[in-house]
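Start from the sequences, fold in the hints, and give me the full structure.
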Amino acid sequence: MTQASKATHRFELTLRKPWPGWYPNPTVAVNGDAQPTLWGTRNWKVAGTDPVEVNVFLFNRLWKFGEASITVEAGAVVSYRAPWLPFGPGRIRVA
5 MTQASKATHR
15 FELTLRKPWP
25 GWYPNPTVAV
35 NGDAQPTLWG
45 TRNWKVAGTD
55 PVEVNVFLFN
65 RLWKFGEASI
75 TVEAGAVVSY
85 RAPWLPFGPG
95 RIRVA
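Position in the sequence shown (from 1) plus 4 gives the number in my numbering.
No lab work stands behind these hints: they were computed from the structure.
Take the hints with a grain of salt, since some may be wrong.
Cβ pair distances, simulated, as ranges [to be verified]:
1) Arg95 with Trp67: 14 to 24 Å
2) Gly52 with Trp88: 28 to 38 Å
3) Gly52 with Val81: 12 to 22 Å
4) Thr41 with Leu66: 14 to 24 Å
Since the model is a prediction, treat every value here as computed from it, not as a measurement.
Positions of the beta carbon are idealized from the N, C-alpha and C atoms, including for glycine.
This is the structure:
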């Protein structure tokens, strides 16, 4: 294995839900690999040194909503906010 194949980088992702109300836990897909997660701030470790495509969405057993995506560089700080109503897109941005 070469050093280039072992290379990783991290980015910080903050997931915020509207108050008040119940919202399903978000799902984060990094380069197509989806992982359920919890609300709050998390560090994500990804393989390689190239920018990654981050897609966040919510699923309430009937439909998928709040979807937003962004391309993230190494070391970026990203913030996602879910929509107020259970339909429509969420907002995601690099802080």
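Verification of the supplied hints:
The supplied range of 14 to 24 Å is met by Arg95 and Trp67, whose beta-carbon atoms lie about 19 Å from each other. The hinted range of 28 to 38 Å is satisfied by Gly52 and Trp88, whose Cβ atoms lie roughly 36 Å apart. Separated by about 19 Å at the C-beta atoms, Gly52 and Val81 satisfy the suggested range of 12 to 22 Å. Checked against the hint of 14 to 24 Å, the pair Thr41 and Leu66 passes, with Cβ atoms roughly 20 Å apart.
In summary, the structure agrees with every hint in the numbered list given earlier.
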